[in-house]
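Letter by letter, the chains look like this.
2 protein chains.
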Amino acid sequence: MREVAVLGVAMNRFGVSQKTNLEMFTEVGLEAIERSGLEPKDIQALFLGCCLGAFEEGQAHIAPFAHSELGLPTGSPAVLMECACATATVSIRNAALLVAGGVYDFVLAGGTERATLMGTPLATRTFAMASHSYYESTVGITFPGVFALAAHMYAAKYGIGLPELKRHMAEVAVKNHKHALLNPKAHFQKEIDVETVLNSMMVADPLQLYDCCPFSDGAAAVVLARADRAKEFVKKPIYIIGMGQAACGALSLQRDLTVVKARVEAARQAYSQAGIGPEDLDVVELHDCFTIAEILAIEALGLYEFGKGYEAATKGETALGGKVPVNPSGGLKAKGHPIGATGAAQVVEIVEQLREEAGERQIPGAKIGLVDTLGGDFGTVCNIILRR
Amino acid sequence: MREVAVLGVAMNRFGVSQKTNLEMFTEVGLEAIERSGLEPKDIQALFLGCCLGAFEEGQAHIAPFAHSELGLPTGSPAVLMECACATATVSIRNAALLVAGGVYDFVLAGGTERATLMGTPLATRTFAMASHSYYESTVGITFPGVFALAAHMYAAKYGIGLPELKRHMAEVAVKNHKHALLNPKAHFQKEIDVETVLNSMMVADPLQLYDCCPFSDGAAAVVLARADRAKEFVKKPIYIIGMGQAACGALSLQRDLTVVKARVEAARQAYSQAGIGPEDLDVVELHDCFTIAEILAIEALGLYEFGKGYEAATKGETALGGKVPVNPSGGLKAKGHPIGATGAAQVVEIVEQLREEAGERQIPGAKIGLVDTLGGDFGTVCNIILRR
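Top line first, the protein sequences correspond to chains F and B.
Residues in the first sequence are numbered from 1 upward in steps of one, following this note's numbering.
Residues in the second sequence are numbered from 1 upward in steps of one, following this note's numbering.
Misleading hints may appear alongside valid ones.
For identical chains, the list gives no copy identity; a pair is met inside one copy or between any two copies.
[To be verified] Calculated pairs, SDA-like style, for lysine to any residue (alpha carbon to alpha carbon, straight line, at most 25 Å):
no. : residue 1 : residue 2
1   : Lys19     : Pro144
2   : Lys261    : Glu39
3   : Lys323    : Arg167
4   : Lys19     : Thr126
5   : Lys19     : Tyr134
6   : Lys235    : Asp193
7   : Lys315    : Gly242
Keep in mind that the hints were calculated from the coordinates and are not lab data.
These figures come from a predicted structure and were not determined experimentally.
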């Protein structure tokens with residue numbers, strides 16, 4: 001298997017956009033290709049993620065239209081992948097595997113989503129279709145509900161009072177909003193404090209409004225290449241050194257909602273392939289769709305022992321300047337969450353950090369970073385480890 | 001790149017089903033795995049196609065749930081792909097590329113669809129989202145409309161009177177219905193004649209009801225493996241010797257609706273990789289979503305010169321016993337068209353023909369066969385060539 005490098009990356013400002021998915025992805029795709037020192041004719045395949053296109057814009061089968069707008073050659077196939085919130089990460093991983101396997105030398109992968117058109121309540125209900133339609137969504141489960149259950153279980157399992165846990169959860173939101181202040185591409189650029197979170201509207205007890213990420217519009221793209229040719233095109237290629245992806249079925253199979261089984265397995269694959277452990281990571285972008293989700297993720301990724309992660313944000317250990325900065329971009333919580341684009345934006349952030357091009361939020365000397373994306377209510381997890 | 005073999009294949013009877021996508025795909029997936037001499041624990045990745053799951057069943061993100069029902073290991077990822085009607089073929093092609101590239105040794109690929117729940121008029125409108133949402137579907141284009149335009153253009157371009165062309169088109173339907181009589185898995189098992197077609201309800205002039213394939217429910221699955229180990233598991237592995245996939249954007253870019261640009265390119269790739277030409281094919285399963293579509297396909301695949309394919313069915317050349325049997329399964333027209341499963345069922349038919357296990361519709365001594373699947377209004381074409 002060949003080594004795979006990331007050449008150019010690009011994303012737009014996440015938030016509320018009047019642009020279509022095709023417009024957004026074409027813009028970031030062309031920017032990523034240009035930053036790679038390539039032209040559209042050089043791209044041998046497109047792997048695009050988009051989850052809600054049919055619902056938000058009446059556009060299914062978007063991949064060949066994006067392909068055409070980008071000016072890619074007819075002989076270069078366009079494939080749409082969908083794995084709920086992990087969509088773009090899965091697209092990038094499969095694209096990277098095809099480069100590693102020698103099928104392609106240069107590919108474009110990423111995602112796009114308009115998630116604000118229908119409004120948050122309807123989008124929440126619509127997106128609940130990514131949970132199990134027989135056991136879960138039809139009986140009223142939505143994603144805020146699942147993570148609310150996980151927060152209750154976390155508090156009970158580790159004997160932490162719920163008010164105490166909620167304050168620590170709020171610190172996750174405070175940290176990620178603070179990070180986003182340094183990220184001009186972030187959806188939210190608004191400093192908040194613990195009281196902002198605790199005084200906000202209740203969404204799904206114990207999750208309040210500021211425990212929840214927003215739906216956002218946005219797009220992000222990365223160009224992947226065979227590593228042995230990367231330096232012909234860019235000065236600072238970033239290398240993919242480990243990847244993992246795992247699946248789990250309905251929520252009932254999780255047994256313990258505080259430990260996402262697919263993440264434990266996906267992370268094991270990625271660390272094993274990279275030949276490193278969590279202690280080697282300088283920066284992490286992970287799936288903080290809710291504040292409790294960041295706590296669950298830092299534990300399953302091995303940054304903290306199970307039951308020990310909840311104080312990390314409060315202690316400042318996961319903030320910029322802390323032991324292992326988590327979500328320097330602002331995360332899903334404050335950078336925003338355009339579903340099918342989220343994983344690609346996580347890769348963009350890690351690549352910019354490892355290139356020391358992250359501006360005010362740069363982690364000095366960051367050499368190795370990890371991307372973690374969760375799809376659905378724990379059905380899919382995909383991890384990618386990158387190094388400079 | 002390694003050679004890739006097909007081990008076990010399976011499909012259910014296409015038609016109107018009360019089963020869910022998960023039930024249908026689990027049944028055919030387990031059957032394909034068993035026929036491969038494997039167990040679910042041996043499957044290293046699942047590639048599943050499904051287009052309308054969110055609309056028909058409120059089930060997006062179906063791949064990890066299918067993965068779980070099949071009993072695949074957590075570490076084996078589940079990926080959903082979507083390329084309109086070419087969905088399953090694209091899933092199989094990408095799965096095969098990952099086996100060829102050495103990423104996986106044994107994978108399950110295929111598709112499932114419930115396309116009858118909402119009824120044909122609403123399904124037609126819903127599925128029109130696979131055309132371009134800005135230039136096409138929003139101005140009223142549906143797939144019957146696109147192929148009706150193509151039929152008019154074909155008649156005009158080659159100076160054939162429309163009544164004459166319609167009789168030849170009707171012969172395609174007659175042939176494929178006749179083939180389906182020999183296929184116990186076919187949606188329709190009903191002999192028709194040219195008058196049946198010409199007296200049927202007008203759908204989109206000149207396409208009448210019997211010029212159009214039905215929406216069907218169904219699922220199909222194939223197990224792919226590294227070819228060097230195939231004979232450890234099955235007596236008659238079938239080998240993938242060529243594949244192609246190409247993309248084209250909005251319909252306006254086609255210039256000539258009688259020549260599907262993506263098909264010309266995808267077929268070129270597949271023939272080139274296989275080192276054969278159309279004259280070497282013993283059997284073809286191609287995308288006859290409408291009768292005119294079969295005529296366009298046999299021409300772009302090189303079985304007939306452009307403008308010469310319209311008489312093929314009338315002359316009996318594409319029937320069982322003819323020069324090159326096309327759609328011995330009954331095709332989309334009579335076997336049925338469960339969108340996301342269609343391409344996998346085409347592969348199932350070719351594999352059974354090449355194994356001489358096609359029962360009453362067996363083409364004696366068939367050695368090489370081609371699968372052709374079109375996605376959307378010409379946006380995606382995927383071809384796979386197999387040999388015994």
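Exercise for review: Output the numbers, in ascending order, of every earlier hint that fails for this structure.
Suggested key: Of the numbered hints, 1, 6 and 7 do not hold.
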